[in-house]
Amino acid sequence: MVVLRGEILVRVLLDNISKFFGKVKAVSDLNLEIKDGEFVAFLGPSGCGKTTTLLMIAGIYKPSKGRILFDDEDVTDLPPKDRNVGMVFQSYALYPHMTVYDNIAFPLKLKKVPKQEIDRKVKEVAKLLQIDELLDRKPAQLSGGQRQRVALGRALVKEPDVLLLDEPLSNLDAKLRILMRAEIKRLQRELRITTIYVTHDQVEAMSMADRIAVMNKGRLQQYADPQTLYNKPANLFVAGFIGSPPMNLIEGSITERNGSYYFETHSFKYALPRDIGSLVASKTSEVILGVRPEDIRVIIDGRGSSDSAIIGTVYVVEPLGRDLLINVKINGVLIKILAPTDIRLESGQKIMFTINRAKLHIFDKKTGEAII
Amino acid sequence: MMRVGIRKRKTRALLRRIAVIAVVLLIAVIPAIPIWLMYGWIISQSFSGRVILGILPSKLTIENWRFLWSPITMGEKEYPNIWPITLNTLFLALGVAGLVVLVSSLSGYALSRMDFKGRTGMMQFIIALHAFPSVILLIALFVILNKLGLYGKGFMTLVGIILIKAGLEIPMATWIIKGFFDSIPWDLEWAALVDGCSRWRAWRSIILPLVLPGIGAVSIFSFLSGWSEFLLVFTYVAQEEYYTLPVMIYHMIGEFIHIDWGMLAALGLFYAIPTIIFFSVSQKVLLKIYVGGVKG
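First to last, the protein sequences are chains P and Z.
If you want this note's numbering, it's the 1-based position in the first sequence plus 39.
If you want this note's numbering, it's the 1-based position in the second sequence plus 94.
Taking lysine-lysine pairs in the DSBU-like style, the calculated list, with each CA pair at most 30 Å apart, reads: (1) Lys150(P) to Lys177(P); (2) Lys64(P) to Lys405(P); (3) Lys151(P) to Lys101(P); (4) Lys368(P) to Lys308(P); (5) Lys64(P) to Lys211(Z); (6) Lys62(P) to Lys211(Z); (7) Lys162(P) to Lys177(P); (8) Lys104(P) to Lys211(Z); (9) Lys101(P) to Lys211(Z); (10) Lys256(P) to Lys322(P); (11) Lys375(P) to Lys389(P); (12) Lys151(P) to Lys166(P).
Worth flagging that the hints you see were computed from the coordinates, not collected in a lab.
Just so you know, these numbers come straight off a predicted model, no measurement behind them.
Sequences and hints are given; from them, build the entire structure.
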């Protein structure tokens, strides 16, 4: 990497920003710090405010409230051209009347970089992204993956302080997406540019980002590294959004009998460890129990059976290749279980299973917040 | 059994095709025949001394085109040389086209892309403006021209007419161009802003090249309307040397006693030439539509 300056370390701070479009609150009171050189993903369903936030960082939208700081400097009122950010749009937004070369050179031309240097940098970036064969083409003559690389090149060539990526992979086919996922991650590691990546695909976010900001309805739900998000979701939304197949969420209540605590639904009763039970019972009685499909173990032939085992009926079995996804019904409540493929099960068969108590999640039904 | 069915269906398909062709002929081709006949007449008339049955030329001559190199006389009356008149017309048409394109490409952008108070009201008002034909404005416009000192000032009167004509064309042109701006995704403009453009620069370097088809359309329309403008020139221009072609042709037809059909046909053909050139050039250059590249 000769031309592209390494170690561009800019810290981005979102200080209590909000954005309203008329009466619609697109983003509310968002506080977020993106460390220098960090790769952060904004994750959430469509309409959650993640792209709006990105456009505010780019300077396209002005926050209705709050400040945006780059390295402790307030950039809230700076127009996009003075922020030195690079951005890749979901639609790529390549200039259709320019060749690939001119597209990539455009930001440098605006910076009044000498012609020879522009030429050198464009060629260097093109080589880095393996599009040096395409420089004379127009965007209309490129495939989706090629356009994506050109858009990335245009964002990178200006050596941005912050790189913003708005769902850059969503228009690619599945195979190419996985390829580009690794490519972008490698590029970010190599160039160490502070990067913000917007996506609605949790797998993308989990596999690429250092930290993930999960958003819903304009509000930040949780901001943590992928492992923490997975193991310790802060609320019901994060629990349900992260993970595939999704976490089983079962409504019920906490009851106490003779010093023992139970999670009880209309269809089954499950004994809770005393410490967990008393902690939850001290806060609320109406709860939602969350357990990931891989944290449930099917008991075969009664081996390893215990008093906390639950009995259910196999509803349907979905082979996923690497493992089986077993849908079990317990009086109307459907639970998904991931099991090794060597189990033979038929629909309608009765089975027993146990839940890994260390991986149990309990949420307050009213607030949705995690209790444990 | 099966075969009969297919044959029947084949016949029906054939009949349907014949019907379609008949309708096309009836609607698109037959009405065009008189128009083509008229063009044929004008061309053959302009190059012949005598015309048989109104269409067959005889006695090939370029005598009818003599206005190109000598003054035009009809009976007693001598008309000004054709070339200054042509230049006047060209000046008027290009002036109108230039002004219309300049203003409407900016105002169309503003109406399409910028958020300001009264935007919707303004758009409705613009359409209402177009409802006024210039005839009913003749007197009011005369007063304005007079006040501005543009009436009866020869060349400056033509400038005044350019202003009026452009003013009448701009509302519609703005609407047309606005539609083209509307079709450009915001992403493109945002990308330009992030890449380092000011809003003005983004408009000039990115957005404008993408609405060239619209600008082409508007410039053709406004050029043609300037080129064929009759009423305003006829009303406001007093001196013969500042006539435009339509007005001169009108005056020549007016001299009914001495009318020279051959020369009039040649003059008409001459009048149509710049239009054809402008149309074909702007169509090739400006109507190059960029397809794709915007969405993935």
